[in-house]
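Peer 1: Here's the letter readout for the chains.
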Amino acid sequence: MPDWSAAVRERLAGLRLDPARESALVEELAQHASDRYEELVTNGANAAEAERAILAELDSPNLVSKLRPVLPRPAFRPSPEPADASGFAGFWLDLRHGVRRLRLEPAFAAVAVLSLALGIGANTAIFQLLDAVCLRSLPVERPQELVSVRVVNVQHGRTGDFSGRFPHLTYALWERLEASPEPFSGIAAWGSERLNLARGGEARWAETLWVSGSYFDLLGVRPLSGRLLTRSDDRPGCASPGAVVSETFWRRELGARPPGPETTLTLNGHPFEVVGVAPRAFTGLDVGRDFDVAIPICANPLVISRPRVSDSASWWLASVGRLKPGWTPARADAYLKTIAPAIFRATLSPRYDAQDARDYLAFGLGTRPVPTGFSSLRTDYQSPLWLLLGISGLVLVIACANLANLMVARATARRREIAIRLALGASRRRLVRQLLAESLVLAVLGAAAGAVLAQTFGRFLLSFLATYSARWFVNLAPDWRLFAFTAGLAALTALLFGLLPAIQAAGTRPNEALKSGGRGVTGGAGGLASRRALVVCQVSLSLVLLVGALLFVRTLRNLLTLDPGFRRTQILAVSVDFWPLRLAEPARVPFKHELLERVRAIPGVEAASTAWVVPSSGDGWNENVSVEGSGAQRQTANFNRVSGGYFRTMGTPLLAGRDFREADRAGSEPVAIVTETFVRKFLNGASPIGRSIRIDGAGRPDRHLRVVGLVKDSKYYDLREDFTPIIFVPDAQDDDFFQATNLLIRSPLRMDSVTASVKNALTRWSPELVLGFQSHERMVREGLIRERLMASLSAFFGFLAALLATIGLYGVVSFMVVKRRNEIGVRMAMGADRGDIVRMVLREAGALFGVGLAIGAVLAVAAAHAAKSLFFGLRPTDPVTLLMAVGALAAVAAAASVLPARRAASLDPVTALRED
Amino acid sequence: MKHIDAAHAIDRELKKGSTELLILSLLQHRPRHGYDISRLIETRSEGVLRFNVASFYPLLYRLEQRGLIEGRWVEKPGQRRRRYYRLTAQGRRMLRARRTAWDAFVRAMRRITEAEHA
Numbered sequence: 001m002p003d004w005s006a007a008v009r010e011r012l013a014g015l016r017l018d019p020a021r022e023s024a025l026v027e028e029l030a031q032h033a034s035d036r037y038e039e040l041v042t043n044g045a046n047a048a049e050a051e052r053a054i055l056a057e058l059d060s061p062n063l064v065s066k067l068r069p070v071l072p073r074p075a076f077r078p079s080p081e082p083a084d085a086s087g088f089a090g091f092w093l094d095l096r097h098g099v100r101r102l103r104l105e106p107a108f109a110a111v112a113v114l115s116l117a118l119g120i121g122a123n124t125a126i127f128q129l130l131d132a133v134c135l136r137s138l139p140v141e142r143p144q145e146l147v148s149v150r151v152v153n154v155q156h157g158r159t160g161d162f163s164g165r166f167p168h169l170t171y172a173l174w175e176r177l178e179a180s181p182e183p184f185s186g187i188a189a190w191g192s193e194r195l196n197l198a199r200g201g202e203a204r205w206a207e208t209l210w211v212s213g214s215y216f217d218l219l220g221v222r223p224l225s226g227r228l229l230t231r232s233d234d235r236p237g238c239a240s241p242g243a244v245v246s247e248t249f250w251r252r253e254l255g256a257r258p259p260g261p262e263t264t265l266t267l268n269g270h271p272f273e274v275v276g277v278a279p280r281a282f283t284g285l286d287v288g289r290d291f292d293v294a295i296p297i298c299a300n301p302l303v304i305s306r307p308r309v310s311d312s313a314s315w316w317l318a319s320v321g322r323l324k325p326g327w328t329p330a331r332a333d334a335y336l337k338t339i340a341p342a343i344f345r346a347t348l349s350p351r352y353d354a355q356d357a358r359d360y361l362a363f364g365l366g367t368r369p370v371p372t373g374f375s376s377l378r379t380d381y382q383s384p385l386w387l388l389l390g391i392s393g394l395v396l397v398i399a400c401a402n403l404a405n406l407m408v409a410r411a412t413a414r415r416r417e418i419a420i421r422l423a424l425g426a427s428r429r430r431l432v433r434q435l436l437a438e439s440l441v442l443a444v445l446g447a448a449a450g451a452v453l454a455q456t457f458g459r460f461l462l463s464f465l466a467t468y469s470a471r472w473f474v475n476l477a478p479d480w481r482l483f484a485f486t487a488g489l490a491a492l493t494a495l496l497f498g499l500l501p502a503i504q505a506a507g508t509r510p511n512e513a514l515k516s517g518g519r520g521v522t523g524g525a526g527g528l529a530s531r532r533a534l535v536v537c538q539v540s541l542s543l544v545l546l547v548g549a550l551l552f553v554r555t556l557r558n559l560l561t562l563d564p565g566f567r568r569t570q571i572l573a574v575s576v577d578f579w580p581l582r583l584a585e586p587a588r589v590p591f592k593h594e595l596l597e598r599v600r601a602i603p604g605v606e607a608a609s610t611a612w613v614v615p616s617s618g619d620g621w622n623e624n625v626s627v628e629g630s631g632a633q634r635q636t637a638n639f640n641r642v643s644g645g646y647f648r649t650m651g652t653p654l655l656a657g658r659d660f661r662e663a664d665r666a667g668s669e670p671v672a673i674v675t676e677t678f679v680r681k682f683l684n685g686a687s688p689i690g691r692s693i694r695i696d697g698a699g700r701p702d703r704h705l706r707v708v709g710l711v712k713d714s715k716y717y718d719l720r721e722d723f724t725p726i727i728f729v730p731d732a733q734d735d736d737f738f739q740a741t742n743l744l745i746r747s748p749l750r751m752d753s754v755t756a757s758v759k760n761a762l763t764r765w766s767p768e769l770v771l772g773f774q775s776h777e778r779m780v781r782e783g784l785i786r787e788r789l790m791a792s793l794s795a796f797f798g799f800l801a802a803l804l805a806t807i808g809l810y811g812v813v814s815f816m817v818v819k820r821r822n823e824i825g826v827r828m829a830m831g832a833d834r835g836d837i838v839r840m841v842l843r844e845a846g847a848l849f850g851v852g853l854a855i856g857a858v859l860a861v862a863a864a865h866a867a868k869s870l871f872f873g874l875r876p877t878d879p880v881t882l883l884m885a886v887g888a889l890a891a892v893a894a895a896a897s898v899l900p901a902r903r904a905a906s907l908d909p910v911t912a913l914r915e916d
Numbered sequence: 001m002k003h004i005d006a007a008h009a010i011d012r013e014l015k016k017g018s019t020e021l022l023i024l025s026l027l028q029h030r031p032r033h034g035y036d037i038s039r040l041i042e043t044r045s046e047g048v049l050r051f052n053v054a055s056f057y058p059l060l061y062r063l064e065q066r067g068l069i070e071g072r073w074v075e076k077p078g079q080r081r082r083r084y085y086r087l088t089a090q091g092r093r094m095l096r097a098r099r100t101a102w103d104a105f106v107r108a109m110r111r112i113t114e115a116e117h118a
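Residue numbers (the numbering used here), protein chains in the order written: chain X, 1 to 916; chain W, 1 to 118.
Read the hints as simulated data drawn from the structure, not as lab findings. Keep in mind that a hint or two might mislead.
[Said to hold, decoys possible] Cβ pair distances, simulated, as ranges:
(1) Glu75/W with Ile420/X: 23 to 33 Å
(2) Gly67/W with Ser65/X: 18 to 28 Å
(3) Leu803/X with Gly67/W: 48 to 58 Å
(4) Arg99/W with Ala48/X: 36 to 46 Å
(5) Glu75/W with Arg429/X: 38 to 48 Å
(6) Phe91/X with Arg50/W: 45 to 55 Å
Predicted model only: the values in this text are computed from it and were never measured. Note that the Cβ used here is the ideal one computed from N, Cα and C, for glycine as well.
Please build the complete structure, drawing on both the sequences and the hints.
Peer 2: Take a look at the structure:
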């Protein structure tokens with residue numbers, strides 16, 4: 001007779017029953033089946049028929065569907081030790097067990113997942129930005145083959161005019177490189193510039209790329225519409241070249257009209273036909289920046305008043321080449337080394353003096369791999385972002401320490417369960433794995449929530465970095481690196497907060513744990529020791545973060561409150577481009593004079609002047625100068641060309657001599673006003689009035705300036721620099737080659753109302769003027785974005801770290817008090833008063849805190865040294881900062897310990913003793 | 001369609017209710033095992049009522065789940081152990097109530113159908 005058990009069991013598998021219930025059911029139904037079989041056979045059926053009949057009954061779909069609602073669902077039970085618990089199946093069981101355990105403690109799980117989500121989210125967001133800006137390859141064909149050719153062996157710096165974000169090459173150098181393409185299967189050049197789209201009035205800027213004819217082809221870019229620029233577009237002397245626009249610009253500015261002769265745009269007054277549209281994925285080689293328009297390099301003379309293609313001292317292009325198969329960067333370098341001397345000889349600028357020429361001829365050429373492109377965002381923010389990643393990483397470690405503390409507490413509460421399982425023969429390894437699986441479940445949930453949060457954090461970070469002059473365009477779409485990072489963090493955090501409690505729990509001695517009965521809740525000495533260690537670690541790390549935060553906050557404060565030598569507020573900077581007027585040279589100075597008079601006549605304007613360089617705007621101009629009769633060598637000094645009234649407008653005090661006046665004009669003796677640092681550096685502090693400054697003519701005759709005034713020092717490029725020597729020269733003595741200037745206007749009114757009246761007055765007077773408006777205060781503030789970012793984020797993380805450490809300390813001190821109730825009871829019974837008990841507890845907490853502080857102080861000083869280039873006006877070992885951090889941490893730590901200490905002191909000794 | 005569905009439902013309820021009554025009745029005086037119960041239903045109805053494994057055991061377990069009967073494994077010398085079911089106190093009360101209702105129902109049916117015959 002067949003055994004029906006297997007047949008029945010197979011059909012019941014879908015019910016996923018409790019094993020005990022299942023075997024009872026199988027036994028009963030199999031018995032029924034065999035009784036029925038006997039009956040059928042007795043009644044004359046043959047064996048095969050009987051078997052078929054019974055199997056048909058068992059196969060009825062009703063069996064499982066009708067049994068399911070009537071059988072009790074399995075209750076929660078610890079997962080059984082399967083025969084083979086070591087393989088993947090065992091791990092899967094552990095995970096399921098972890099999920100079920102956590103569902104029993106939703107509050108704990110929520111706290112854990114939330115704190116991990118915040119920690120992992122912050123880390124992921126920062127890494128996401130780092131990944132996008134520093135690590136991701138360019139979205140072009142075979143980016144790993146791309147290299148950039150640069151000038152190497154630069155001893156004393158390069159001389160000339162620099163424009164664009166990556167001024168690596170001059171046009172002359174680029175022409176030579178293009179002609180000797182031996183190592184490259186293709187080579188292209190590009191530069192960047194903001195050109196004006198408006199035909200007059202307020203300027204509207206287009207982020208423009210100068211590109212060589214080979215640019216798009218080399219990168220393997222295909223047009224979205226129309227065609228891209230080719231070699232035939234970039235011919236020297238081109239008269240009506242076409243332009244390629246980005247997809248965003250095409251939709252925004254051109255209403256997505258098809259490219260062709262009908263679709264045109266104006267750049268600095270010159271019309272361009274739009275010949276094609278670049279695909280959205282291609283944003284140029286400058287990571288972090290999008291472009292609006294690309295025009296061929298040959299168009300430079302058409303839109304720039306001082307063409308750079310004919311000036312071999314004008315650095316404005318960068319190159320990108322694709323190495324031929326078989327060529328490595330090292331081999332390309334060796335080749336370039338052999339051809340460099342001839343190239344530099346052939347491209348020497350007549351503007352260079354003997355010293356500059358010697359330096360220039362000593363330059364070499366070398367390659368640098370650029371698979372990740374170029375990026376000014378990377379240059380500015382790479383180290384701050386890595387530092388922030390480190391800071392947020394430490395916060396995550398502190399959060400993990402808190403979680404580990406919670407897990408130790410849970411494991412202690414579960415000692416009896418664990419002891420029983422050990423006594424029943426569970427292996428310790430398996431227990432560790434099971435407890436770790438719980439941590440892993442938490443970490444994975446935390447990482448998933450963190451990845452979602454990171455998208456929001458990331459966008460916030462990016463908006464933080466955006467300025468008036470720089471819209472960052474970063475592709476934050478997740479890639480495999482981000483996925484690996486988040487997964488890695490999840491695994492690491494699971495180990496960090498899960499391993500110690502797991503090992504400790506598995507180390508439980510069943511005998512003792514079971515004997516200690518209900519007292520198992522308060523745990524063993526091992527639990528306390530490891531929790532103490534965790535708190536020491538938390539205190540020390542949060543001190544590091546607090547010190548860092550204070551250093552960054554004080555750096556920002558120093559920069560915001562320092563005296564830059566000029567007013568920061570209530571100044572409007574207006575860029576005025578009068579090139580479209582095509583004024584003859586003699587008309588330019590009177591034009592600027594009238595411009596200024598008109599602005600000064602606007603109601604609400606207190607003072608106004610012109611300036612070639614707006615202070616702290618990042619622009620600048622310098623020359624090599626010496627003072628006659630001082631014996632000092634020629635040195636570099638910064639220059640600015642300003643009108644009379646500049647110092648009054650900017651609030652820079654005149655210390656000696658006089659301001660520029662109307663008599664200082666073309667034809668009169670060239671004059672200058674200098675700063676205190678100039679006097680210190682060039683004249684050893686002697687009075688400068690009446691002295692003669694000689695400006696190196698760089699190929700042309702030297703020029704001389706008579707010093708007529710001395711003013712207080714002011715910042716030139718940015719606020720972080722030390723004061724530099726500055727020479728101011730009168731605007732009226734300039735030849736106004738560029739036909740552009742900046743107006744600085746001081747007014748007590750709101751900046752937008754001043755902007756409106758100035759725009760109104762000037763466009764009515766001369767509609768062709770191109771104007772750009774910016775509040776000087778905002779310009780200076782935007783120069784401090786990096787400092788603001790570091791101060792805000794590190795303060796936030798520092799606060800979070802201190803909060804987490806406080807919670808950790810509170811937990812441990814409370815735990816210790818509970819654990820020592822008995823001892824406290826004995827002490828009180830023997831006559832200790834409440835004060836003694838409070839002091840005892842605080843001593844204990846203080847010891848933990850003190851050890852943490854000592855370790856933290858050493859780490860903080862080391863960390864601050866590593867980041868010292870980011871601080872301003874502070875030494876990394878600044879004692880005030882360290883004391884402030886220690887003080888702040890001590891205050892919250894005291895608060896965290898006093899509460900449990902007072903609770904200990906209010907114990908009733910009789911109750912405490914009775915509990916033993 | 002609706003009245004057909006309703007008729008089906010009544011039919012199903014009737015059958016289920018009557019089968020429950022049959023099982024409870026068979027357990028009124030002595031405990032029996034599952035196969036025994038299903039055999040008795042088949043033989044006493046002279047083959048009109050028949051159950052197979054898939055339809056019978058879910059009913060049995062439902063009665064057990066509702067606390068009307070209880071099962072217990074019993075070993076008898078020389079036999080395999082079997083699960084025997086007996087009525088609980090609650091099952092006994094339910095049997096009484098069901099039987100009264102059923103009798104009333106059958107009487108009512110009979111009165112109507114016989115009146116038509118007459």
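Peer 1: Each hint: holds or not?
Peer 2: Hints versus structure:
| no. | hint | result |
| --- | --- | --- |
| 1 | Glu75/W with Ile420/X: 23 to 33 Å | 32 Å, holds |
| 2 | Gly67/W with Ser65/X: 18 to 28 Å | 23 Å, holds |
| 3 | Leu803/X with Gly67/W: 48 to 58 Å | 55 Å, holds |
| 4 | Arg99/W with Ala48/X: 36 to 46 Å | 43 Å, holds |
| 5 | Glu75/W with Arg429/X: 38 to 48 Å | 41 Å, holds |
| 6 | Phe91/X with Arg50/W: 45 to 55 Å | 49 Å, holds |
Violated hints for the displayed structure: none, as all numbered hints are satisfied.
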